[in-house]
Structure formats: C-alpha cells, structure tokens
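Each chain, letter by letter, is given below.
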Amino acid sequence: MLFWILVATLTAAVAAVLILPLLRAGEAPSSPHSHDIEVYRDQLEELKRDQDSGLIGGDDAELARAEVARRLLAAGESDGEAATSAAPRRGAGRLAQAFVLLCLPAVGLCLYLLTGSPGLPAQPLAARLADPNGDINILIAKAENHLAVNPNDGAGWDLLAPIYMRNGRVEDAVDAYDRAIRLLGPTPARLGGYAEALVVQSGGLVTSKAQDALKQALSLDPNDPRSEFYLALGLKQEGKKEEALTAFNRLVATSPADAPWLPLVRQHVAELAGPGAASAAAPGNPSADDVVAAQSMTAGDRQEMIRGMVDSLESRLKENPDNLEGWARLIRSHVVLDQRDKALAALREGLKTFPADGDGGKQLLALARELGIATDGATQ
Amino acid sequence: MIIELGHYALVLALATAVIQAALPILGARLNDRGLMELASSAAVACFLLVAFAFAVLTFAYVTSDFSVRNVWENSHSLKPMIYKISGVWGNHEGSMLLWLLILTFFSALVASFGRNLPETLKANVLAVQAWIAVAFALFILLTSNPFARLVPAPGEGKDLNPILQDVGLAIHPPLLYLGYVGFSVCFSFAIASLIEGRIDAAWARWVRPWTLAAWTFLTAGISMGSYWAYYELGWGGWWFWDPVENASFMPWLAGTALLHSALVMEKREALKIWTVLLAIMTFSLSLLGTFLVRSGVLTSVHAFATDPTRGIFILAILVFFIGGAFTLFALRVSYLKAGGIFAPISREGALVFNNLILTTATATVLTGTLYPLVLEALTGDKISVGPPFFNMTFGLLMLPLLFAVPFGPLLAWKRGDLAGVSQRLFASVAIGLVFGVAYYYFMNGGPVLALFGIALGVYLIAGSLTDLALRSGLGKVAGNVAWRRFSGLPRSAFGTALAHIGLGITLIGIVAVTAFETETVVEMKPGMTVEAGGYTLRFDGMRNGSGPNYSEESGHFTISRGGVALTEVWSSKRLYQARRMPTTEAGIRTFGLSQLYVSLGDQISEGGIVVRIWWKPMILCIWGGTLFMMAGGFVSLSDRRLRVGAPAKAKRPKTVPVGAAE
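First to last, the sequence lines map onto chains X and H. The working numbering numbers the first residue of the first sequence as 1 and each following residue consecutively. The working numbering numbers the first residue of the second sequence as 1001 and each following residue consecutively.
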C-alpha cells in the first residue's frame, strides 16, 4: 500500500512540475532575435580586439565589420516582423495540461505494470544473511562462505552436494561429492550420488568414470539400488542387452514391492525384453532422485534437443572435419541416443581425417571401445 | 520496495520525455511561451527521475540485492566496494541506463544554462533531446531492463568480468559517454535549427560550448580507455584499431572537424550547411558506435550480451534518427543561404583543409571498420582489417594535416599571407628538426621516419607557442607590455595552443614508442636477468597470494641499472573464482616519461615462466598529450564569449557552462 501511495505522490509531483509553466500558456515569448543581436554586438567588439592585435588587416577588418553589421541589421528587421506576427492562441494550454495529466499516469502505469514486480521487496544480502528463514539459496551461500574458509570440512561438502544436485548445479555437485569422498572416505551414498552427478553432467551417459564409482559403491553395499540401476543403464547404453536385462531384473527382484523406482526399472526391462512391450509399462511416480536421472533419460524434449545439437554438429563436421573433439562428441551423442550404427558411421568418418595409426585416431578408437562400439570394422 | 520505486521512476521518466518531446515543439510553432517553458521543467524532472533510478540500481549493487537479476548477473558479495559501484555500468543494462542518465543530464544542462538561447530554439533543442531519450528509455525498458527481478533470489552473484574489475571501469565509461552523448546536444541543435529553418552565425556560437565539452570528455574517455587497455590486457599495446576503439574514435574525428568548422561559421557565417551536416554526422557516428558495441555484431569485452532483439532495436533507433536527420536536412538545405566568401589562403581555408582531411580520415576508419562486417554478412567470409591498413591510410592522411596545424591560427581571416606565416614558422621548423636529429642521435639510430615524426611533434609544439608569442608581440614590444598583451589574449587562443601542443606531445609519444620500443620474450628461472631499455631485470621468483575474490601468482622482479638496484616490480596472473577466469596484471614501472612493462605468460618448466618485457620509451607522452588537449578544451570553455547572447533585459547572475573553471 505504501508503495502505491509513493507512486501516486511521485506522479503527482512530476505532473505539478510540468503543469506549472503551462499556467503561463498563451504568453508570447520575448523577441527571438534579441539573442542574435547580442552575439553580433559582441562580434563587433571582438573584431576591434583582433584588429588591435594585428590579427586582421585594416581593409579586411572594415569588410568584416560591414558583414557583421549586415547580420545585425537583418536580425533587427526580422525582429520587427516577428513582433507583429503570430499572436499566441488560447486553449492550447488547456489541451496541453490535459495531455500532461493523462500521459503521465497512463504511460507510467501501463509500462510499469507490464515490466515491474510491484510488491516485491528489496532483498539486501546482509539482511538475508542475518535472517535466512528458510531461504535455501542463502543457506547454500552461507555454507559456501564457510567452505571457502574451511575447504577441508568434509561434512559440509557432504551436506551441500545433494542440495546442489536438486538445484541443478551439476558441476558443483560433482565437485562437492568428489571432495566429500576424498575427505570422509567412500560410502555407497556418496559414491552413488557422485556417479549420478557425473551421469547428469555428461547428458545421461553412464561414463566409465561413473561406472568405476558405481562398482566401488556396490563393492561396499551390494544391494544399493541406485548404483545397481545406473550400472544396468550403463550396460544398456553399451549395447550389452542381455547383461543389462539381467541386471535390471535382479534389481526388480531385490527391491521391495512398493519401491518408488520400480516402474522406471520395469520400463527399461520392457524396452530390453521386446520393442512391442515398451508402451505397456507406464512410468509411475519416481522418487526425487530418480526424477533428475529420468529427465535426462526419457524426457522427449531433451532427446529432441540433443538430436538437434547432433544434427548441427554433424553438418559442421562435414564442412570442417578437422575437429577431433567434435568427432568424439558426435560418437558419444549417438551412443546416448542409442544409435549405435550411426555412432559407428561417425567413427568411420572421423577416422578418414584422423587415421587410426595417428594420435587422434587412437583416441577415437579408444573412446569407441569404452562406449562399447565394435571397432573391428571401423578401420577399413 | 525501493527497487520497484526506482523502476517506476524510470518509467515515469519515459512518460515525462514523451511530453517533453511533443509539447515544446508545438509551443515553438504556436509561439506559446508556456508550452516552450515546459521543456525546461520537463528536462530537469526527467533527469532527476533517471538519476533516482540510477541511484536505486547503485543501491541494489552496493547491498548485493540478488533479487535484481542484473545485480545477480554482474556482482558478487565479496567484490570490493568500488567495483560494486562501477559494476553498475559494467554490463549492458546498467551501461544503457548510464547512457540515458548522461543524455538527460545534458538536457537538464541545456535547460538550466541555456538562458542565452532564443526560446524557440531552446524548446526545439530540448524536444529533440527528448526524442532520443524516449527511444533509449523504451529500449532499456523493453529489451534490457536493469530492474528485472528474480524470485527466489539467488544467494550469490555471478561476479563481474574480471577484466572490468579495475578502477578504469570507474572512470572510462562515464567519461566516454559524456563525450558520446554530449554530441547529442549538437545534433539536437542542428535538427532544431533545421526545423525552424533558421541558421546563422549566432547558432554556431551557441553550439560551440557543447561541442567543446563533448569533445573534451570524449578525448578524456578515449585516452583513458587506451591507457586501461594498455595496462590491463597485458599485451603491451595502447591502440589496436579494434572496431570498438574505432567506434569511439570516429565521433572524435568528426567532432574535431565540427569544432573547427563551427569556428568558421561563427566568424564568417560560411560553411553553414557543412557545419550542420557535421553536427548530424558526429552524433550519428556516436549512435553507430553504440550499435556496433551493444548489438553483439562485434565480439569484444564491450559486447556484454548478444541478444538479437536488442541489436534490431538499436538498429531501428539508428535508422530513425540518422535517416530522419538526413531527410530533414535534404528537405531544408535549400532554405539555407551560403555565407561569407574567403580566399583559399586564409584562416577559413586552413580550417576547410582541416575538415577535408578529418572527414576523409573518418571515412577511412569507417570503411576499415565496417567493410569486414559487411563482407561477412554478404559472403560469410571473415577477414580482418588490421593495423597495417589503418597505419598506412590514416597515418598518411594525417601527415599533411599535422604539418598544417600551426599555420591555421597564424593565418588571418578572409585573406592570409602564406609566405609571411611560413617565415614566422621557420624557427619552429628548425627547432623541430634539431630535436629530431638530436633524438635520432641519442637513440643510436632507428628508422629515419622516426626522425621526421619527432621533428613534426616538436614543430607542432613550437608552432603553437609561436602563435602565442606573436600575438603578445614578444620581442617587438617591451617585456611588460608583451606580458599584458599575453594575459589579455582571449582564453580560446590559449585553448587552441594547448590542444595543438597536446597533439604534438601525443605524436612524439606515438613515434617514439613505435620506432624505439623493445620487446623481449624469454623463459626465466629465478635468478636470471634480462636487459631492457638500459635497465636490468632480475627475476626473483613466484609467490602465491589471494585477494577478496581471486587467487594470484605473482612474479617478483628487481630492476637495477649499472649494478645498482633501483626498484622492484610485481607482475601477476589472477584467477577469479566465481567466473574461473584468468587475467594478467602487468607490472609497470615508470622512469621519467618511459615505462618498463612486465607481463607473465605460461609456466613452462619447474620454476621457469615465460616473461614478456617491453621497454616503452616516452610512452606517457601519448596520454600526457591528451591531458593537454583536455586542458585546452576546458580553457576554451571558460572563454566568456561563449556565454554571450542573452539580451540585456533578461540578464541574470552570470552562469558558467559545463566544466568551466574561472
């Protein structure tokens, strides 16, 4: 309320300032040429000074004086004309006042309501830090400030890592899990979280780094469902369908009947078991952790987005194939999209520019092997 | 609430500008005093509203209010206070708000100090200023609103680009904008006079202080930007002919031409049409510069964000104002009567010569800047027009102009005596050559061109002093008479001399650095020494440190001469945490007018690091010269004649125009 009172006051004050001169509307201004005349008079004086200091010769000074005098006369004459012409009209002032009174609030309020956020208070950082009151971002910031000073506080990183994950700050989550593991030692939860963050970071692909972490987690707790799930997913991405199916089935068997991740797992089982069964398994309500992973695995628009990126990458590489990193990314992306034949084709194309016996080619082949693509036929 | 109030103030400023754009022009038509006087009140109100909005944004930065998107994107709570404040304009939205603030500031100045102007002219000028303000306020509110909010507010900001975390940012943009936007007043004067269809010698005098003020600030802004790039970017260069630099240099060249042609118009009522055209062109180039820098057409540290809608919006503003101005010019040009006549050899002739060269130079820079962009848009080919092109074309163009500079003030109006002036300048030429040869000798060789460059610079300084000496009759009359005459000279004479001396000093600096600078790139290990410019640098080792929002590695060097340790210098590389961005902080030591510049490269082996060391002889002359030019600008501004024009009956207590120091 106070805000609107202030807005009204401000508008009224500006309107008053603008209306004030209009009350004198209708008055004719002073002669427009009196200003010119003043300038020309000054020029005549200046001419005299220039002549005294020898800057301008006597004859030329005379001519210049005549020139200025002509301007002076001309200004004086038109001044006389102006005085007799153009008697100011009344009524213009009234209209102008109405325009001012209408324009200020109309333009002001319309645009402000369109672009502003009325009622949103200012939020200086100091005040928020003093009273966080459930402000998650401030809690994060406070923890960060604390960790900037005490980077060896493992518990702090451990606490922060899942929060980063939930807030979509994947890079930071990877870093925080990594530090927590190094400082506090590995646990299935930390390793699983770390692997999950890595998976999201690489756009849904279960990389070998993630797999290592998952395997370590399972060695600590063979029944950690999250690690099992991602490992199985990794197998699926590598094209090892049988092994993936076995792994998913084992997860189904060991999970409690009401486990929230079961529908998602069943979906994968259905996809692997036969293409026809895929649509039968509708996704249920996965847990918060699964949502993050599921976003990257199933959401149609995300796939669509990746596909668009892949297409543009492909055409760019066609124009300029001398881009090792580009080829690596293309192969990786095709694997994520489960287009193994295309990944193989991309590998072949890439090897044309980077021969298999060179450094670049070796890197590409190593990558393909890591992703589970059969590289035997690629080098021909 | 305060944030939203600032936002509303900005919107209200737009509404006020709309009124200011419409009613005064009507008043000038109807010869209605009230409507015309509204312009002044509106201009001041508009300025106060924008100033309030700007203060609110600054407040948001100072208190790290991350609920404001702009603050979140460009600030960090750990940033030192000065960079929190300068960060307000270290980003697209804030810098456009600063642009608007300065625009309305100039309007308010015209409103407050323009009492010597005829009322219709003043009303029209302020209305045209308001059109520009409306365009830019709309641009800000619709495409780059600095008051956009974030819910919920993030806990920490993304920090300012580390390159911009420097005192340079606190000074360079405001000065540059004062120059850029200052030319809007000249533009408005030109348009107003075209609307009225009346333009005469008095007009030139009224425009002159604004041109001078804008020119002085632009000189300062460009010079500051150059020095900033020199010490912050770590490349050791001071001018790169980068499109962004050109964007600010073109209005400067055109503005310099305007300053000189307005002189002819004021004195002789000649070159009227040309002067009006120049006034339009100068501000058009400022707008073009804004477009190039802000649209994302160019990639540089200045292109904060690339958003196509912004580019199109600014392009529309550009087309409207430049196109509109030239259309109006074409419609009205036949009304303008040509003024006085003059012989080719005369002060007027010299100024025309100046204008010809400066506009050609502007066109050259414009071509070199736009050609790669146009080519890329049409064919997709990327080419870069670099320093060789500009040095050849621009440098060659400038030579005759520089030689002619001392002739100008010495030639008489209307009909001058070239032989006589040459005779009087003979001593200056001789002094210049002696200095050139002496410098050549002491620097032990170097390119022959450098000899002429130094000679030309000294000749410029001596020639300007000659003018002052001749005017005061030094040597012809008794000492005390000469002194009296000297102190009685109009301030503008001193201004001219100072600016021309500054030009000479800058030239000397440029030539000396170009011809005699040395660059050494070596991999250094602790204990190693390198010679540069007669000094010996010993690398003592690296040290790690940290600042409020960065960590740094600094190398320590001891500088000695002839075995005697003189001083030390730190050169460092910083890593800014929030953006994970590295910067170099060059170590610079000044010896007289010369500098030793040490920049760190990559660490190669253990304890070894690549170090670039430059010896820059007389480099401070480059910026020192611009200080003289600015001083010249301010001295000229304080000339009493610039305030003449108010009719006696309306005389009020003497008021002083911008920046005048009396």
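Just so you know, the hints here were simulated from the structure itself, not pulled from any lab data. Where hints are given, some of them may not hold.
Said to hold, decoys possible - Quick list of the computed label-pair ranges, beta carbon to beta carbon: (1) X:142 with H:1398: 55 to 61 Å; (2) X:95 with H:1398: 53 to 59 Å; (3) X:185 with H:1606: 46 to 52 Å; (4) H:1387 with X:370: 56 to 62 Å; (5) H:1356 with X:113: 34 to 40 Å; (6) H:1387 with X:95: 56 to 62 Å; (7) H:1606 with X:319: 39 to 45 Å; (8) H:1606 with X:155: 47 to 53 Å; (9) H:1323 with X:348: 54 to 60 Å.
What the hints assert, rightly or not - Quick list of in silico lysine to any residue cross-link-like pairs, SDA-like style, CA-CA up to 20 Å: (10) H:1476 with X:51; (11) H:1158 with X:148; (12) X:209 with X:51.
Backbone N, C-alpha and C define an ideal beta-carbon position, used for all residues, glycine too.
Output the indices of the hints that this structure fails to meet, ascending. Checked against the structure, the hints that fail are numbers 3, 4, 5, 8, 12, while the rest are satisfied.
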